[in-house]
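J.: Sequence:
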Amino acid sequence: MVNDYNVLMKDLPLNELMAATDMDGIRNALANIFTHMRKLRNTKYPTGRALRFVEAISKDVFTQMLKVLGTRRLMNIPMADFDNLMTQCFAVFSTWNDEYDKLATLMRELSKKKRDEQLKLTWRLNPRHKKLENRLDQMRVFRR
Numbered sequence: 041m042v043n044d045y046n047v048l049m050k051d052l053p054l055n056e057l058m059a060a061t062d063m064d065g066i067r068n069a070l071a072n073i074f075t076h077m078r079k080l081r082n083t084k085y086p087t088g089r090a091l092r093f094v095e096a097i098s099k100d101v102f103t104q105m106l107k108v109l110g111t112r113r114l115m116n117i118p119m120a121d122f123d124n125l126m127t128q129c130f131a132v133f134s135t136w137n138d139e140y141d142k143l144a145t146l147m148r149e150l151s152k153k154k155r156d157e158q159l160k161l162t163w164r165l166n167p168r169h170k171k172l173e174n175r176l177d178q179m180r181v182f183r184r
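In terms of the numbering used here, the sequence shown opens at residue 41 and continues consecutively.
To be clear, the hints were calculated from the coordinates, so they are not data collected in a lab.
Bear in mind the structure is a predicted one, so any value in this text is a computation, not a measurement.
One or more hints might be untrue.
Unchecked claim - Here are the simulated SDA-like cross-link-like pairs (lysine to any residue), alpha carbons at most 25 Å apart as the crow flies:
1. K84 / T103
2. K107 / K84
3. K170 / D123
4. K84 / Q128
5. K171 / Q128
6. K142 / T75
7. K171 / K50
8. K142 / R184
9. K50 / Q178
10. K99 / L165
11. K84 / D141
12. K171 / K84
13. K50 / L80
14. K79 / D123
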């Protein structure tokens, strides 16, 4: 069982996410993480646990984005810089949504194969970065 889980956890590029110093780095790391997560197909890793793991990745994305955004005073920077930064931020959110949809489809297929009835109860994901996305959208509307 450990060797089976090790296939998924080995070489997972989380350090790439935590070392990212700009939004493009976060976006690329996120794409690499989700690409690696497709290895779920080859393991017996529990789907419910995989969902909690994706939530933890969302928390890491949230933390890293705050670190990058914390170096800027968003309400005081020139509008052109602000728009550029918001474009990069929303590219990260878009990457998350696209990659998560692909992973969710994969996990649904796996749960159908396993006939995992309890998964239906735990399918709700509470991504931590969604609050940041809403807040940045409000800030973007306010600055216009």
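J.: Hint by hint, say whether it matches the structure.
T.: Each hint tested on the structure:
1. Pair hint K84 plus T103 does not hold up; C-alpha atoms about 29 Å apart against a cutoff of 25 Å.
2. A hinted pair counts as satisfied when its Cα atoms are at most 25 Å apart, and K107 with K84 does not qualify at roughly 35 Å.
3. With a C-alpha separation of about 19 Å, the suggested pairing of K170 with D123 holds against the 25 Å cut-off.
4. Taking the CA atoms of K84 and Q128, the gap is near 36 Å; set against the 25 Å cutoff, the hint is violated.
5. Pair hint K171 plus Q128 holds up; C-alpha atoms about 17 Å apart against a cutoff of 25 Å.
6. With a C-alpha separation of about 10 Å, the suggested pair K142 and T75 falls inside the 25 Å cut-off, and the hint holds.
7. Pair hint K171 plus K50 does not hold up; C-alpha atoms about 30 Å apart against a cutoff of 25 Å.
8. With a C-alpha separation of about 34 Å, the suggested pair K142 and R184 falls outside the 25 Å cut-off, and the hint is violated.
9. The hinted pair formed by K50 and Q178 fails the criterion: a straight-line CA distance of about 39 Å is larger than 25 Å.
10. Distance hint between K99 and L165 is fulfilled; the C-alpha atoms sit about 12 Å from each other, no more than 25 Å.
11. As the CA atoms of K84 and D141 are separated by approximately 20 Å, the hinted pair is consistent with the 25 Å bound.
12. This hinted pair does not check out: K171 and K84 have alpha carbons roughly 32 Å apart, beyond 25 Å.
13. For the hint linking K50 to L80, the alpha-carbon distance of about 12 Å falls within 25 Å, and the restraint holds.
14. At roughly 36 Å between alpha-carbon atoms, K79 and D123 are farther apart than 25 Å, so this suggested pair is violated.
The structure does not agree with the numbered hints 1, 2, 4, 7, 8, 9, 12 and 14 stated previously, though it agrees with the rest.
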